[in-house]
Every structure is written in structure tokens, then in C-alpha cells.
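Please build the complete structure, drawing on both the sequences and the hints.
Here's the letter readout for the chains.
Number of protein chains: 2
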Amino acid sequence: MSLIAMIPARMGSVRIPRKNVRYLGGKPLLAHAVDLAVGSGLFDEVWVNTESELLGELGVSHGAMFHKRPERLATGDAKNHDFTYEFLKAHPCDYVVMVNTTSPLVRPGTLAKLVSLVKSGEFDTVLSVVEEQAESFFDESPVNFGLDEKINSQDIKPISKVIWALTAWRSQPFLELYEAGQTPTFGGKLGLFPIPKDESCDLDTPEDWAIAEGMLLARFAVGEEPRYWQDGTLR
Amino acid sequence: MSLIAMIPARMGSVRIPRKNVRYLGGKPLLAHAVDLAVGSGLFDEVWVNTESELLGELGVSHGAMFHKRPERLATGDAKNHDFTYEFLKAHPCDYVVMVNTTSPLVRPGTLAKLVSLVKSGEFDTVLSVVEEQAESFFDESPVNFGLDEKINSQDIKPISKVIWALTAWRSQPFLELYEAGQTPTFGGKLGLFPIPKDESCDLDTPEDWAIAEGMLLARFAVGEEPRYWQDGTLR
Numbered sequence: 000m001s002l003i004a005m006i007p008a009r010m011g012s013v014r015i016p017r018k019n020v021r022y023l024g025g026k027p028l029l030a031h032a033v034d035l036a037v038g039s040g041l042f043d044e045v046w047v048n049t050e051s052e053l054l055g056e057l058g059v060s061h062g063a064m065f066h067k068r069p070e071r072l073a074t075g076d077a078k079n080h081d082f083t084y085e086f087l088k089a090h091p092c093d094y095v096v097m098v099n100t101t102s103p104l105v106r107p108g109t110l111a112k113l114v115s116l117v118k119s120g121e122f123d124t125v126l127s128v129v130e131e132q133a134e135s136f137f138d139e140s141p142v143n144f145g146l147d148e149k150i151n152s153q154d155i156k157p158i159s160k161v162i163w164a165l166t167a168w169r170s171q172p173f174l175e176l177y178e179a180g181q182t183p184t185f186g187g188k189l190g191l192f193p194i195p196k197d198e199s200c201d202l203d204t205p206e207d208w209a210i211a212e213g214m215l216l217a218r219f220a221v222g223e224e225p226r227y228w229q230d231g232t233l234r
Numbered sequence: 000m001s002l003i004a005m006i007p008a009r010m011g012s013v014r015i016p017r018k019n020v021r022y023l024g025g026k027p028l029l030a031h032a033v034d035l036a037v038g039s040g041l042f043d044e045v046w047v048n049t050e051s052e053l054l055g056e057l058g059v060s061h062g063a064m065f066h067k068r069p070e071r072l073a074t075g076d077a078k079n080h081d082f083t084y085e086f087l088k089a090h091p092c093d094y095v096v097m098v099n100t101t102s103p104l105v106r107p108g109t110l111a112k113l114v115s116l117v118k119s120g121e122f123d124t125v126l127s128v129v130e131e132q133a134e135s136f137f138d139e140s141p142v143n144f145g146l147d148e149k150i151n152s153q154d155i156k157p158i159s160k161v162i163w164a165l166t167a168w169r170s171q172p173f174l175e176l177y178e179a180g181q182t183p184t185f186g187g188k189l190g191l192f193p194i195p196k197d198e199s200c201d202l203d204t205p206e207d208w209a210i211a212e213g214m215l216l217a218r219f220a221v222g223e224e225p226r227y228w229q230d231g232t233l234r
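So the protein lines, in turn, are chains W and D. According to numbering that gives the first Met the number 0, the residues represented by the first sequence are 0 to 234, in order. According to numbering that gives the first Met the number 0, the residues represented by the second sequence are 0 to 234, in order.
Hints should not be assumed to be uniformly reliable.
Since the list gives no way to pick out one identical chain from another, each pair is judged satisfied if it fits inside one copy or across any two copies.
Said to hold, decoys possible - Straight-line Cα separation of at most 25 Å, PhoX-like style, residue types lysine-lysine; simulated pairs:
#1 K149 / K78
#2 K88 / K149
#3 K26 / K149
#4 K88 / K67
#5 K112 / K67
#6 K26 / K88
I should point out that these hints are in silico values taken from the structure, not numbers from a laboratory. No experiment lies behind these values; they were computed from the predicted model shown.
Set out below in C-alpha cells:
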């Protein structure tokens, strides 16, 4: 079974300008995804899929290969399934795992679990999700709870929110759906893969960037002892 | 119109032990909520609702008053509406705003907006929510999107996730529903109040604590200049 990692990256990000070359916690954003994929040793090939020579060069300097995407597939309007299709035609494989640079907090163990799930062969599409165990409304109506009682948050059935950190597709159905004029993004048998909340940031706005930076910083503080008000005098 | 802030706090938190006296970003967790409510100047009274003398004292030292909750309403099983009812019977008011210590990142401007909404008198219950603009599943079915197309995240209709950072109830219907044996938590005319994502942490697990710490750290870094890979050589 052949497994390829594809890391999409554009230079023309709008809400966080040039985010893929911007430093986050000591290295450029793109390098987080490349290091994760290359460092895992789980893929036959790791490709950065970009229109930008500079991003290609950055990927190569971290051990990935450079798939040069046509400019027409690198605009702000370009659809994910269009550039993924173009990529899969150029790099035949059984499965492709898209590793998004916008989720730089994914830990190696989480990627390894996703790859295991993909390799089980059970699914055609695997989406990474965060499970939100909170009362939620859609269109002002409750989705996962009733208004007539208050249940403990631990007992609420979760909503699974797709975060696009890691997405896997079986190539064959993806290509077939695409060529039949259908959207392959959620195609075939669909699996949801939960990832931990503290790996789930999705860099979209400058606010998200600040949050991700803080979450990275906090990881280094994990070993610190908590301090308490009036410790030792607790009644 | 009389408006009271109630800050519930227990000493016996389980998943994050003694969290209300634990220091977060330079002051004990409880003090964040008290400073927010007292500092706003928007309330006729600000009360810490706790069984603990120590937490009461901490609240008082930051300018709140101490409502001593009966021990039976301070167990892990105690229901929010039970201790809120006991509180409202002791402190008559038109509206109570519950300010939770588990959301220490709420900014003063956000509290002020919520209070304006409450004072409009339009709602009996106001819940703070975070709007999540992401494809979401419940019970493995899509909630706010279709599987046959991929739309841009900006165009996805949001799911509103309740976070209990700030909750407001009109006293009278709350008391009436409670006394009629019904759950008043979502009672009467319900309003959803969106709060910004970077104020929306909900401290439940040690992982959440690390995230909140990170988000607080990130606030102080906002003025820093971004750095870019190979800056000046961009092609």
C-alpha cells in the first residue's frame, strides 16, 4: 500500500500575510508540517504542493519534495479538490494524506494514529475532527441537547468539528468522483478521526496565530509547578 | 433595573485541583472573574457564591461580597440551578449575571456588551456562545453543510457553542420555573451572545489550563513584529 503526504502551501495568504514563511515558535510555519510528515517516517513520499519557488525550496531544505502547482490552481479561489486532483494525477498512490500547515500543533503520535486508521483500509475519506462536548445551537435550535433539562458537560453527546489538520483520501474513488464531475472532498465511506483539543488550532486569522503561539509556549511550561493563593493555609 | 453579578466558586474541583486559588497569569483564577465584574462598574452588587471561607476571603480582598453557599449545594453533583435559586432568594434583583471563573479570558468590553443586551430587557435567559464556522457532524451526520459540495469556511453557517462564560437570567421567571419543578437554565425567551474566539476558553481539564495560559501569554506578544524566512529575498 503506497501512502503519500501532500502539504499544500501558497504564498498569497490574505488574512495572515505570507504565513507559510512566517516564524512560529522558532521555525517557519511550513516547516512544522514538513518536519511532522518527514520526521514520522510513515510516508513513501512527502511533497510540498505549491506554486512558489521559495516555499518549494523551504520544503526541500526540510526533506520534502517540491510539486510545482500550476499558477491557476494557486489563487485565493482555487479549490482544494482541484489542486489535489492535479497532484494525484502526477503522483499515483493508494492513499494521500493532506497535512495542512494551518494546524502546526499536531503531535507525531496523532499523525501515527491517523495513518494506522487509513492503513486499515476501512475508509475512502478520513477527516480530522475536534469533539466539542458542549451544548450547541444551529439556526437557533439545540443540536445535541434539550432545553428542558441541564445535563453535565461530561454527559453531552459531542459535536465533531472538522478542522482539516489531517485529511486522507483513497486515490481511486477521489479521481473517479472528480472525473464524474462530483465533489470528492467527502467522497465514499467517511471516517472521522478525533484529535486532541490542544492540537486543534486552525490558523485563519491573526487572532488564531496569537492563540497558536501561546499554545506552543504553554507546551514548554507544562513541567512547571502550579502556584496557589495562600498555599499552606487552606482550610 | 437592578443587576447583580454572581461568581460561583468551589474549592473541590476535581479535574483541575483547587483551580480557583491556582495562579493563572499572575493572579488566582477566581480573581480574574472578580476583577472583571467589580472593575466593570456595571453591577449593583458583585457576589462570590461559595462554600469556602478561603474563596470568600479572596473575593472580598478583590472587592466582591461573600455569599456563603450551604455545603449541600457545593458538592460535585450540585446543580447550577439549585445554587443559583438559593442565591436569588437571598439577593432579590431584576437580573443576575453569572460570571464563571472557568472563562478567565473574557475582556471588559465583552462583558459590557452582554450587560447592554441584558438591559435591553428582550431576553429572559442570555447564553454566551462561540460561533464555530466549520463543517460539523452530530451522530455522524452533517449539521451545517452537505456532503455533496465543499464550500469556503467563510460561507459556512456557524454552530453556536455554549461556553457558560457569562450567563444572564431574569430573576422572576427563573424563580417561577424552579418553583414549578422545571429546569430554569434555558427558560423563557432565550438569547445567544457571541463572544470572540480568543476569549472563549473553558477551563475543564489540565489541557484547557495550558491552552488558557498560552492564550494569555499570546496577548502580551501581540505587539511583536513577525519574522519571516528569507525575508528580503521573496520572489
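Against the structure, the hints come out as follows:
1. K149 / K78: Close across copies (9 Å), not inside one copy (42 Å); limit 25 Å.
2. K88 / K149: between (52 Å within a copy, 20 Å between copies)
3. K26 / K149: neither (45 Å within a copy, 31 Å between copies)
4. K88 / K67: within (13 Å within a copy, 69 Å between copies)
5. K112 / K67: neither (29 Å within a copy, 48 Å between copies)
6. K26 / K88: Classified as neither: same-chain Cα gap 31 Å, cross-chain 56 Å, threshold 25 Å.
Figure legend: structure checked against the earlier numbered hints; hints not met, in rising order: 3, 5, 6.
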